[in-house]
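Those protein sequences? They're chains A and B, same order as listed. With this note's numbering applied, the first sequence covers 1 to 386. With this note's numbering applied, the second sequence covers 1 to 149.
Read the hints as simulated data drawn from the structure, not as lab findings.
In silico DSBU-like pairs for lysine-lysine, Cα to Cα no more than 35 Å straight-line:
id, chain 1, residue 1, chain 2, residue 2
1, B, Lys84, A, Lys183
2, A, Lys266, A, Lys302
3, A, Lys266, A, Lys183
4, A, Lys183, A, Lys302
5, B, Lys81, A, Lys183
Not the full set, but computed from the structure, chain B residues with beta-carbon under 7 Å of chain A:
id, residue
6, Pro10
7, Tyr45
8, Ile74
9, Leu103
10, Pro113
11, Leu135
From the three backbone atoms N, C-alpha and C, an ideal C-beta is built for every residue, glycine too.
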Amino acid sequence: MASVPMRELSGSTCIVGVDESDEIGTLPHKSQLTLHVEAVTNAVRDAGLAVSDIDGVFTAGQHSPATIAEALGIVPRYVDGTTVGGCSFIIMAGHAMLALHHGLCDVAVISHGESGRSGVGVSPRRDTALPGQYETPYGFGGAPTYFSLITTRHMHQYGTTLEQWAQVAVSTRRWAALNPRAKNREPITVQDVLDSRPVVWPFNILNICLVTDAGGAVVMTRADRARDCARRPVYVRGAGEGAEHVMLTQMRDLTASAATRLAGQKAFAMAGVAPRDFDHVMLYDAFTSGPPIMLESLGFCKPGEGVHFFEEGRSTPGGTLPINTNGGGLSYTHSGMYGIFPIIEAVRQLRGECGARQVPNARLSLVNGMGGMLSAAGTLVLSSEP
Amino acid sequence: MSDRAEPLRPLPHPVTPEARPYWDGARQGRLMIPRCRACRRAFLYPRVACPFCSSRDIAWEQASGRGRLHSFAIAHQILNKAFKVTPPVVLAMVELDEGPRLLTNLVDVAPDPTALRCDMPVEVVFERLTDEVALPMFRPAAGAASAER
Chain A
1 MASVPMRELS
11 GSTCIVGVDE
21 SDEIGTLPHK
31 SQLTLHVEAV
41 TNAVRDAGLA
51 VSDIDGVFTA
61 GQHSPATIAE
71 ALGIVPRYVD
81 GTTVGGCSFI
91 IMAGHAMLAL
101 HHGLCDVAVI
111 SHGESGRSGV
121 GVSPRRDTAL
131 PGQYETPYGF
141 GGAPTYFSLI
151 TTRHMHQYGT
161 TLEQWAQVAV
171 STRRWAALNP
181 RAKNREPITV
191 QDVLDSRPVV
201 WPFNILNICL
211 VTDAGGAVVM
221 TRADRARDCA
231 RRPVYVRGAG
241 EGAEHVMLTQ
251 MRDLTASAAT
261 RLAGQKAFAM
271 AGVAPRDFDH
281 VMLYDAFTSG
291 PPIMLESLGF
301 CKPGEGVHFF
311 EEGRSTPGGT
321 LPINTNGGGL
331 SYTHSGMYGI
341 FPIIEAVRQL
351 RGECGARQVP
361 NARLSLVNGM
371 GGMLSAAGTL
381 VLSSEP
Chain B
1 MSDRAEPLRP
11 LPHPVTPEAR
21 PYWDGARQGR
31 LMIPRCRACR
41 RAFLYPRVAC
51 PFCSSRDIAW
61 EQASGRGRLH
71 SFAIAHQILN
81 KAFKVTPPVV
91 LAMVELDEGP
101 RLLTNLVDVA
111 PDPTALRCDM
121 PVEVVFERLT
131 DEVALPMFRP
141 AAGAASAER
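Bound conformation, chain B alone (with noise of 0.2 Å):
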């Protein structure tokens, strides 16, 4: 047995090639986000091809970490048994500054939902989960709370 305690949460699994950058990224405490060199827009989650554009020539580029809570829930039940944090667990859809959504969870708030809105700012930090692997998670922006009140 390791003397490092089990992560709560299910490893990201398969980690795909084309993937790589975002979570080299993540382990580093830096948000990486494919953006395309044809049309200029960003998109999540990494793809070969541009979404908007079909264009194959993408570049990685460190995303500013900021966004809007796009929506939110709040976990009072976990249904996915590999996943051990005690809820409630604040489910959460952000949309970062740059253009992309993704699925993560709200940390340092209360949760509850007289307490969140929808697109009240966030910023990024990372949760390690292992020495290979960080997850990005959002918290209210610094400077936002009294927007929240």
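Bound conformation, chain A alone (with noise of 0.2 Å):
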């Protein structure tokens, strides 16, 4: 699957700086580009260097890679602007990973800022022409729309229940109950989902993320400058990625994607590691059934069995398969394009900084994050050791 210079890489490059933008949730008094701007700069400062030391920006959604260091005031040398959907920025840590191993830039900042609540400095949405051809006079449009086929088929086809994608609700804001940032911190129950909204069945609003206003960003550097940064350094050991199609109708098995399924061969072949190795696991939680089927993609268990790992509760507070501690998607925060959030709570967790949900021990945390309806994706190992 890898090629062996893909394993040479594994812990070649660090993660040495994370955090959010100042404030997060719903903020009108805050342009999109202000978050971007935030988040660099709150990183850059985790990381103890200057926004003067980047060299190479990237980041997705509608802004371009230009304007992110046009506002920071810097000339990068390298430049991605990469965008497939809410795990682009999972995509573009194996993209810097490359970029820094050849020396194509020495220190990246992979940025993130969304004013997906409020609209505050916001472009218009690109690439609508075959939904809005094919789609939209039916009454798609919106995410629930779409993600709701792959749920219903799921259910067809492996018997799982509304009962068991709302144990990833409920397991999910356990996690968030124990996070200060995290938007919902109120316990809730099976009965609460079911009993919640109904938005789209098979959802009901609380099977579905938050929409909010935030910012996030990570910098990167080569593991020997690494050892000179503020922090403990969170070590690349993998890195894969896949894009499968953007049209749901084109996806070749809506109850598994194969997208994910090929970011997770090659980060895990990369960093020769497998799934029972994890201590920590974070997924890109925009609806209840998205984490099981990733699950199940990238090979945790058989298909139709990723509910369990909710079900039994080992995914909570003090189970043995943490999932989503910063209280996901669902209960944290979901400014759209979510996929920079589960790499900084991933370093934070192998730092050792998360207070009262930091997952004891945690050395080997996975993140794995989907672009559109599970379309694309991206899969990262993170390590606390190279």
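Using the hints, build the complex out of the two chains.
Next comes the structure, spelled out in structure tokens:
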């Protein structure tokens, strides 16, 4: 699968700085670009570096990397604007690894800012031509109208139930209760999820992520330089990506993600690890059905069995495989392209900075995210050790 | 103001040149699909190269109009402001007997998950939006009602 040179890249680069924007949540007083700039300056400070040290700029979404560089007042020698959905930032950590390894840049920043709730300083959506012709005349539009079809087919094929999806929301909320930055922290029950407002069956509102304003940034450099930074470095041991479709009709199997399988295989092979090796897992949870299907596509279990990680309590505080310890897109924050935030949480866990929600002895963490409707995927294997 | 009622749905937009036979067919009450002459597989959405074998030798044919409900969802809330049909609306993915899948609405059914099941047989019907535009939709296939109960 992965070639020998990819194995040699394992552990060669590190994440040395992470942070959110000054605030996350409902922020009508802040533009999208402000969220970027706050996040980058905070993450660079976390690393013990200066904005002027950045020479590689990576961002996805409405703004180009040139816009971010200009706002920061720097002239980078490497830019990447790969935009394949919310996992783009996870994919970019792999791209940054390559660019750093080959000396194309020395300090890379991956920046996210999105005024997803308040819409301050945002641009019109792009790439709506195909949905406009074939989907919006039927009332499709908005992620719940599509991800619901994936979910219904999974229920048909494997017998998964509304109660089992609800367990994902309950588990994730238990983590959010331990995170002071999480938006929704009150405990919920399976019955609360089942009784919440119907949006698009099989989803009620508590099956669906938040809609917030937030920024986040990640700073990376090569391992040799990382040792001089302010914090304990977190090593990128494996990285993988894949992209299958954009239109849901083109997804080969609605119940399994080809992009996720590919991204996971590449990342695990590069790192030389298997699913059983992880202490901590972050999965992109735009919907409650997403994380179980991702676990299946990544090979943690057989198809149809991903929900068991949640209903048996393995994923919760004190469980054997803690999942989405920041409270996830479901309860912590979800600005629209959530992928930067699972990286930030994994780094904080591996540094041991997470207080009440700290996973004891977390050394190996998985970050996996989707773009679109399981359309694209990025996987990272992160470790506190090289 | 026209005396014709405004359509409750956004019209397909932009209609692209490679999809013209699809929409011309729909206006005439026919579901047209492209088929690759090289590998013989039919596909949607319309493209100038076959997504299975990359051949550029594509022909159009009229589909049977029959298929199966591959998946469905019931929209209680419409997020698209241009869509003015009163919810609930059954959102559907249909797999045609010829193979291609499309997104559509399931009509002539109760918007109730217990009344619907994946893989139930469906058939095409057309809803006219304007003189120029009709949309393919699907309903339970005739004779299939007993299978749903």
